[in-house]
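Protein chains: 2
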Amino acid sequence: MISIDITARDGRSRTGILRTPRGDVRIPAFMPVGTRGTVKALTPEEVAGAGADIVLGNTYHLYLRPGHMTVHDLGGIHRFMNWKGPVLTDSGGFQVFSLAGLRKITPEGVEFRSHIDGSTHFLSPENATRIQHVLGADIIMAFDECTPYPATREYAANSLRLTTDWARRCRDIHKAEEAESSLFGIVQGGMYQDLRLQSLEELISIGFDGYAVGGLSVGEPKEHMREIMDYLGPAMPEEKPRYLMGIGDLKDIMAGVEAGFDMFDCVMPTRNARNGTLFTSTGRISIKRNEYKNDPSPLDADCDCYTCRNYSKGYLRHLFLCREILSMRLNTMHNLRFYLRFMQRMREAIGQGAFAEFRARWDKIDW
Amino acid sequence: MISIDITARDGRSRTGILRTPRGDVRIPAFMPVGTRGTVKALTPEEVAGAGADIVLGNTYHLYLRPGHMTVHDLGGIHRFMNWKGPVLTDSGGFQVFSLAGLRKITPEGVEFRSHIDGSTHFLSPENATRIQHVLGADIIMAFDECTPYPATREYAANSLRLTTDWARRCRDIHKAEEAESSLFGIVQGGMYQDLRLQSLEELISIGFDGYAVGGLSVGEPKEHMREIMDYLGPAMPEEKPRYLMGIGDLKDIMAGVEAGFDMFDCVMPTRNARNGTLFTSTGRISIKRNEYKNDPSPLDADCDCYTCRNYSKGYLRHLFLCREILSMRLNTMHNLRFYLRFMQRMREAIGQGAFAEFRARWDKIDW
Numbered sequence: 007m008i009s010i011d012i013t014a015r016d017g018r019s020r021t022g023i024l025r026t027p028r029g030d031v032r033i034p035a036f037m038p039v040g041t042r043g044t045v046k047a048l049t050p051e052e053v054a055g056a057g058a059d060i061v062l063g064n065t066y067h068l069y070l071r072p073g074h075m076t077v078h079d080l081g082g083i084h085r086f087m088n089w090k091g092p093v094l095t096d097s098g099g100f101q102v103f104s105l106a107g108l109r110k111i112t113p114e115g116v117e118f119r120s121h122i123d124g125s126t127h128f129l130s131p132e133n134a135t136r137i138q139h140v141l142g143a144d145i146i147m148a149f150d151e152c153t154p155y156p157a158t159r160e161y162a163a164n165s166l167r168l169t170t171d172w173a174r175r176c177r178d179i180h181k182a183e184e185a186e187s188s189l190f191g192i193v194q195g196g197m198y199q200d201l202r203l204q205s206l207e208e209l210i211s212i213g214f215d216g217y218a219v220g221g222l223s224v225g226e227p228k229e230h231m232r233e234i235m236d237y238l239g240p241a242m243p244e245e246k247p248r249y250l251m252g253i254g255d256l257k258d259i260m261a262g263v264e265a266g267f268d269m270f271d272c273v274m275p276t277r278n279a280r281n282g283t284l285f286t287s288t289g290r291i292s293i294k295r296n297e298y299k300n301d302p303s304p305l306d307a308d309c310d311c312y313t314c315r316n317y318s319k320g321y322l323r324h325l326f327l328c329r330e331i332l333s334m335r336l337n338t339m340h341n342l343r344f345y346l347r348f349m350q351r352m353r354e355a356i357g358q359g360a361f362a363e364f365r366a367r368w369d370k371i372d373w
Numbered sequence: 007m008i009s010i011d012i013t014a015r016d017g018r019s020r021t022g023i024l025r026t027p028r029g030d031v032r033i034p035a036f037m038p039v040g041t042r043g044t045v046k047a048l049t050p051e052e053v054a055g056a057g058a059d060i061v062l063g064n065t066y067h068l069y070l071r072p073g074h075m076t077v078h079d080l081g082g083i084h085r086f087m088n089w090k091g092p093v094l095t096d097s098g099g100f101q102v103f104s105l106a107g108l109r110k111i112t113p114e115g116v117e118f119r120s121h122i123d124g125s126t127h128f129l130s131p132e133n134a135t136r137i138q139h140v141l142g143a144d145i146i147m148a149f150d151e152c153t154p155y156p157a158t159r160e161y162a163a164n165s166l167r168l169t170t171d172w173a174r175r176c177r178d179i180h181k182a183e184e185a186e187s188s189l190f191g192i193v194q195g196g197m198y199q200d201l202r203l204q205s206l207e208e209l210i211s212i213g214f215d216g217y218a219v220g221g222l223s224v225g226e227p228k229e230h231m232r233e234i235m236d237y238l239g240p241a242m243p244e245e246k247p248r249y250l251m252g253i254g255d256l257k258d259i260m261a262g263v264e265a266g267f268d269m270f271d272c273v274m275p276t277r278n279a280r281n282g283t284l285f286t287s288t289g290r291i292s293i294k295r296n297e298y299k300n301d302p303s304p305l306d307a308d309c310d311c312y313t314c315r316n317y318s319k320g321y322l323r324h325l326f327l328c329r330e331i332l333s334m335r336l337n338t339m340h341n342l343r344f345y346l347r348f349m350q351r352m353r354e355a356i357g358q359g360a361f362a363e364f365r366a367r368w369d370k371i372d373w
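So the protein sequences, as listed, match chains A and B. Residue numbers are given in the numbering used here: position 249 of the first sequence equals residue 255, and the series is strictly consecutive. Residue numbers are given in the numbering used here: position 137 of the second sequence equals residue 143, and the series is strictly consecutive.
Since the hints were made in silico from the structure, they are not lab data. Treat the hints with caution; some may be incorrect.
[What the hints assert, rightly or not] Calculated pairs, DSS-like style, for lysine-lysine (alpha carbon to alpha carbon, straight line, at most 30 Å):
id, chain 1, residue 1, chain 2, residue 2
1, A, Lys-299, B, Lys-90
2, A, Lys-46, B, Lys-299
3, B, Lys-90, A, Lys-294
4, A, Lys-370, A, Lys-228
5, B, Lys-299, A, Lys-90
6, A, Lys-46, A, Lys-228
7, A, Lys-181, A, Lys-110
8, A, Lys-46, B, Lys-294
9, A, Lys-181, A, Lys-46
10, B, Lys-228, B, Lys-90
11, A, Lys-257, A, Lys-370
12, B, Lys-90, A, Lys-46
13, A, Lys-370, A, Lys-294
14, A, Lys-90, B, Lys-294
15, A, Lys-90, A, Lys-46
16, A, Lys-299, A, Lys-370
17, B, Lys-181, B, Lys-90
[As the list claims (entries may be wrong)] To list a few chain B residues with every Cβ distance to chain A over 10 Å, as calculated:
id, residue
18, Arg-18
19, Ile-23
20, Arg-177
21, Pro-227
22, Pro-240
23, Arg-277
24, His-324
25, Phe-348
Idealized CB from N, CA, C, for every residue including glycine.
Put together the whole structure using the sequences plus the hints.
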């Protein structure tokens, strides 16, 4: 089972260690996304070397391909992908609900069609939980209905009822199976404060090992997102990890940390890297720009990553324009290191009671 | 300047060290191809770690993109691509002549159109040599006309005349520019033994730092290729390196070594890797095959590469079917290590006077 040790607080923000049977996770933590059992373009050693303590896997993708039983037969998610630290899997809910038109929701669960071959599948709280057990993740997520944006109050309330009911069923099957993993509940409720707080309350009364906020970054204005994290963070149990799902803009992460969240995930650093958008201590760079053609300087003189220690912007631009695989690797290594070092600096700032200064400094940069 | 120390001979095959100002190259050597300043999918550290002493760059590609002056401005080919060992560049001849329909040959040189944007360019012996100087390669190749297959005797004889004339002009400009690099001449002559031997003789009388055989593996039957390497190898100067260009099938490499060749290059291990075709000590594997779906064993139990030490065939199949970047990386690392270890074993066999046994053993395997 997991536990958290909070070693320092600064305002509502907190830093410390999330302890898992497979190793410690320094919080606030950024979790690189390894959708299909690989953080795109990197080896597990590179992901760990960049400073990641935990990675994400996606249940929906691994269930469809290669199949959870295959992952199991190949030794479980850790052995499968050669990642030695803890793994968190989402429940598949978010992905299934993103398949607009390809899915049918009933109180029992969701019937959906594979985006790969159109075959029909069914996910319920029970089998989404079981699939995660079979995959062998350390932290697993309840199967929720991700309320879309915009949603009427009525839709959001009905959706929330379903999510709470499903959360209870996830908790029950999780208990019945005596799984070693930890189970997190997911707060929904759309953009409605009372529904959001009701959702959290219901989840707390069911009882989970950690609490997550879902249904954000689904198209809503940033102010709504910030407002929701701002009132939900402090309302969440102190002694349990708090996970803000799918949030990855660095300024949003800082806002989340300010509101007391501990865990974050997003494809932003890795996907942007593959698209040639790179984060630096002075802002965002599009590496394809002509101005870098003959530029012998590194991406970021302040960065200690493999890419910045060994390659020029001119070379990185060349690789990107040629669509070379090494381009995706070097860019991903840089962006991920940048993110994870940013988290490290944030943890230190919290430890020193200097989070407000940290945030003010980095909020100025035009990412 | 370069030199070779032959430390052992076995029949006509030989092993030893090709000494270059940038480091030693163990011969017989396989040179991974880094067309655009990157051995596809790998970092230079991984290429060296797999056992490569020298890599290839392609003049045609680097001239067009990012441009040789840009490579120069970014510190030259070594700094550009972060490869610390010696680099050999081809002259661009082979690529230009492959652009059937897009090129016009005159005694002066070749006018051709870029495969990237259709722009018109001109390569001559003089500027192909100068471009290679500007790139900063350690070993550079004369600009030749690669005789196509099939070619009439008349075509081959005329083409040979051009190649010899151009070789002289390359040598002259190379001398005039007082370049530090070493210049190799390229034997042409199509499938005609007398023309091939004449080509070699003419090149020897011009005088080069090494001699290469071009115009093979251009569609001719294997028997012709084997026959040509068989009579050319022993005819080449003893004290200079002998390079069999573009030959990469392992059985052909063994035949080349048997005929006394020292250097080989081919995209076969790297390109096949990206296509999911993997070399093992028991034969060739297509990793996408269904039989590997739940296979927890490594690609090759006999292999010491990163891929075989850490991943199952089942996982490699999964990555390949998902077209993950890591698939190309892990497959390339394996194939390259397999090739380079094969060369190492061959060098040891020659040193022990056991090359015939080595060849007999590996010739049996169905690659």
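So, going through the hints one by one against the coordinates:
no.	hint	verdict
1	A/Lys-299 - B/Lys-90	22 Å, holds
2	A/Lys-46 - B/Lys-299	21 Å, holds
3	B/Lys-90 - A/Lys-294	26 Å, holds
4	A/Lys-370 - A/Lys-228	17 Å, holds
5	B/Lys-299 - A/Lys-90	22 Å, holds
6	A/Lys-46 - A/Lys-228	27 Å, holds
7	A/Lys-181 - A/Lys-110	28 Å, holds
8	A/Lys-46 - B/Lys-294	19 Å, holds
9	A/Lys-181 - A/Lys-46	33 Å, violated
10	B/Lys-228 - B/Lys-90	36 Å, violated
11	A/Lys-257 - A/Lys-370	10 Å, holds
12	B/Lys-90 - A/Lys-46	28 Å, holds
13	A/Lys-370 - A/Lys-294	24 Å, holds
14	A/Lys-90 - B/Lys-294	26 Å, holds
15	A/Lys-90 - A/Lys-46	17 Å, holds
16	A/Lys-299 - A/Lys-370	28 Å, holds
17	B/Lys-181 - B/Lys-90	25 Å, holds
18	Arg-18	39 Å, holds
19	Ile-23	27 Å, holds
20	Arg-177	31 Å, holds
21	Pro-227	34 Å, holds
22	Pro-240	40 Å, holds
23	Arg-277	12 Å, holds
24	His-324	4 Å, violated
25	Phe-348	24 Å, holds
Comparing the model with each numbered hint stated earlier shows that hints 9, 10 and 24 do not hold.
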